[in-house]
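From just these sequences and the hints, can you work out the full model?
Using this note's numbering, you'd call the opening residue of the sequence shown number 2 and step up by one each time.
These are calculated hints, taken from the structure and not from any lab test. Computed from a predicted model, the values in this text were never measured in an experiment. Errors might be hidden in some of the hints.
[What the hints assert, rightly or not] Label-pair restraints from in silico Cβ distances: (1) D57 / N17: 28 to 38 Å; (2) R107 / D57: 37 to 47 Å; (3) K114 / I53: 32 to 42 Å; (4) E56 / N17: 12 to 22 Å; (5) F112 / D47: 39 to 49 Å.
Using N, Cα and C, we set each Cβ at its ideal position, and we do this for glycine too.
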Amino acid sequence: MTLFSPAAVAEKTGFNAETIREWCRAHPGFGIRLGGRWLIKQDTLDLVLAGIPLEDLPVGFDTPKCVSVPLNIITDVMDIPLTTNAGQIDGRTLRKTGRTEQLATRVTPEFKKRIYDIAEREGIMIVEVLERAADALEL
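What follows is the structure, encoded as structure tokens:
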């Protein structure tokens with residue numbers, strides 16, 4: 002079974018990796034949740050690339066509720082180290098992606114509502130609203 006991370010699927014499809022993760026959450030037949038991470042099977046990706054709408058993917062199609070995948074395959078797909086210096090598996094290392102950072106800030110209720118309203122209207126995530134605002138300011 003060939004598995005792809007959302008980043009790898011994003012590279013193949015031209016979509017954003019976060020969009021791929023949203024597809025996994027919204028369409029149960031699209032991705033497999035394993036160890037807190039989403040993985041997409043090759044045959045599922047092939048169907049999507051062939052033009053099958055996400056809504057038409059069979060729910061649970063050949064996706065077992067529990068999958069057994071060797072740890073080295075998971076770490077290879079996710080491009081993360083398998084062991085710590087002591088040679089033991091580090092759970093924190095397996096969960097950390099390094100692709101995102103947390104940003105916490107305090108805003109007025111009015112500003113928060115504006116951001117949420119824009120995200121809903123545009124059909125994008127809140128972080129994408131902030132990214133677009135930063136891009137516009139850098140022009």
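Hints versus structure:
1. D57 / N17: 28 to 38 Å: Roughly 22 Å apart at Cβ, these two residues miss the hinted range, so it is violated.
2. R107 / D57: 37 to 47 Å: 43 Å, holds
3. K114 / I53: 32 to 42 Å: Given a distance of about 38 Å, which is inside 32 to 42 Å, the answer is holds.
4. E56 / N17: 12 to 22 Å: Check passed, 20 Å falls within 12 to 22 Å.
5. F112 / D47: 39 to 49 Å: The hint (39 to 49 Å, Cβ to Cβ) holds, given that F112 and D47 are roughly 44 Å apart.
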